[in-house]
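Asker: Construct the entire structure; sequences and hints are all you get.
So you can see what is in the structure, the chains are spelled out below.
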Amino acid sequence: MTQSKEPDHLQLNSQGRLRHFLTLDGLDRATLTEILDTADSFIEVGKRSIKNVPLLRGKTVVNLFFEASTRTRSTFELAAKRLSADVLNLNISTSATSKGESLSDTLQNLEAMASDMFVVRHSQSGAPHFIAESVTPNVSIINAGDGRHAHPTQAMLDMLTIRQHKGSFEGLKVAIVGDILHSRVARSQIRALNTLGVSEVRVIAPNTLLPVDIESLGATVYSTMKQGLDGVDVVIMLRLQKERMEGALLPSEHEFYELYGLTTEKLKYAKPDAIVMHPGPINRGVEIESAVADGPQSVILNQVTNGIAVRMAVMSMAMSGQTAAISAAASE
Amino acid sequence: MTALLDVESLLVNICADLSEHLALNHIDSPCVIGIRTGGVWLADHIHKKLGLSEPFGELDISFYRDDFTRIGLNPTVKPSSLPFETEGRDIVLIDDVVMSGRTIRAAMNELFDYGRPASITLVSLIDLNGRELPIQPDIVGQKMTLNDNQQIKLKGPEKLELEVTEK
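Chains as they are written, first to last, in full-length UniProt numbering: chain Y, 1 to 332; chain A, 1 to 167.
Derived from the structure by calculation, the hints contain no laboratory data. You may find that some hints are simply not true.
Derived, one-sided and incomplete: chain Y residues facing chain A with beta-carbon distance under 8 angstroms [stated by the list, open to error]:
hint, residue
1, Arg-17
2, Ser-41
3, Glu-44
4, Ile-50
5, Val-53
6, Pro-54
7, Leu-55
8, Ser-316
9, Met-317
10, Ser-320
11, Gly-321
Quick reminder that beta carbons are idealized off the backbone N, C-alpha and C, glycines included.
Answerer: And the structure:
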């Protein structure tokens with residue numbers, strides 16, 4: 001599978017509306033802002049005694065997870081259910097494909113069950129893009145994380161959290177800290193932050209955990225926390241993805257924590273009102289001190305809440321874009 | 001483009017009719033809810049004219065539209081805001097124009113997701129022909145019939161004006 005650079009033609013319909021949600025590449029500020037505004041409206045729904053709205057009533061959403069995930073899958077499931085969709089959760093790594101069925105056969109069977117949307121997580125970069133090219137026009141694909149490529153809904157929930165706490169993106173300095181190399185989240189965050197107009201995106205990591213092309217994505221590299229956190233408004237810590245590391249990229253977790261772990265002392269380099277974020281799950285004492293993760297500047301639990309609203313927004317926008325595309329095709 | 005009707009005098013009549021309606025039905029503590037956008041402007045005026053102390057609510061029915069799959073989400077959707085419990089309350093629901101009845105159906109669907117009201121009184125500034133659902137306002141400012149090539153729009157919020165334009 002190849003990684004798509006600019007799949008606008010695939011994820012936007014002929015009216016420029018979202019039809020699949022695969023990557024933030026090629027999406028303009030207006031589209032990202034529309035996602036954030038729509039998600040903002042869905043937050044209120046989550047506070048009601050009846051938390052459902054009927055937008056996806058009668059639609060079938062399949063959570064197609066080729067890679068294990070609890071948090072992301074749960075929030076996608078909750079989001080779909082709050083939109084009144086029927087939800088099917090499939091852990092493909094332990095079901096059909098392990099019995100020898102090909103990916104194409106699995107997809108065709110799911111399409112034959114009249115599914116309307118696949119939420120796809122895959123360890124291979126570009127897998128959701130590949131699936132979006134293969135499925136019929138009646139199915140929308142939402143990327144729930146693919147390889148090292150992208151995790152666009154996670155990035156958008158982070159953007160929503162930043163906007164809630166900082167009001168806007170103008171003039172913000174944002175630091176992303178830790179395992180950039182293995183992080184699809186970081187790539188999507190850098191893309192989103194630049195599109196939304198922050199003044200500076202910094203990455204802070206040891207050289208062994210930095211991809212070679214990171215500056216071309218629009219980030220400035222810092223190798224020490226003291227310099228990198230100086231005067232930033234937002235600190236985004238990343239999980240150390242030990243399961244993805246091949247070879248000795250780190251001398252030890254202890255040394256990583258000493259140099260790059262976010263402690264109360266190091267947080268003082270940032271602005272006094274800086275917020276602290278983490279996509280989870282947190283490795284306490286490896287990336288972040290418990291006192292910081294649970295402290296007054298932490299917005300980590302806000303991120304989780306916002307995850308449901310952002311996924312509701314993306315799913316409803318893609319479903320409406322899909323229907324519009326089918327209607328346009330039928331009238332031609 | 002023509003400024004057509006004096007909204008202020010319609011609102012005076014609406015408030016008189018609404019007060020009478022509430023008294024007849026023994027409703028002494030109604031909660032007022034406007035449907036965005038025009039209904040909210042009207043709710044603000046009616047709320048003040050009735051002298052109610054409880055703040056009025058704002059309803060955005062975007063998530064409840066039955067044509068969502070055809071026209072998509074309204075990108076300017078804002079969350080509904082109901083600063084009171086609706087369970088067991090007598091609600092005065094206000095919109096600027098009632099035509100097909102679908103917006104009111106969506107609004108009632110949404111209201112019931114907040115709780116089961118004791119009653120809903122529907123107030124509309126303008127009642128147009130073209131009803132597609134059996135939903136009728138209880139209080140109406142003006143009944144009108146438009147030609148097929150005409151549409152009506154309430155402009156505001158500072159000065160409320162009704163305009164009929166050609167499509």
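Asker: Can you name, in rising order, the numbers of the hints this structure does not satisfy?
Answerer: none
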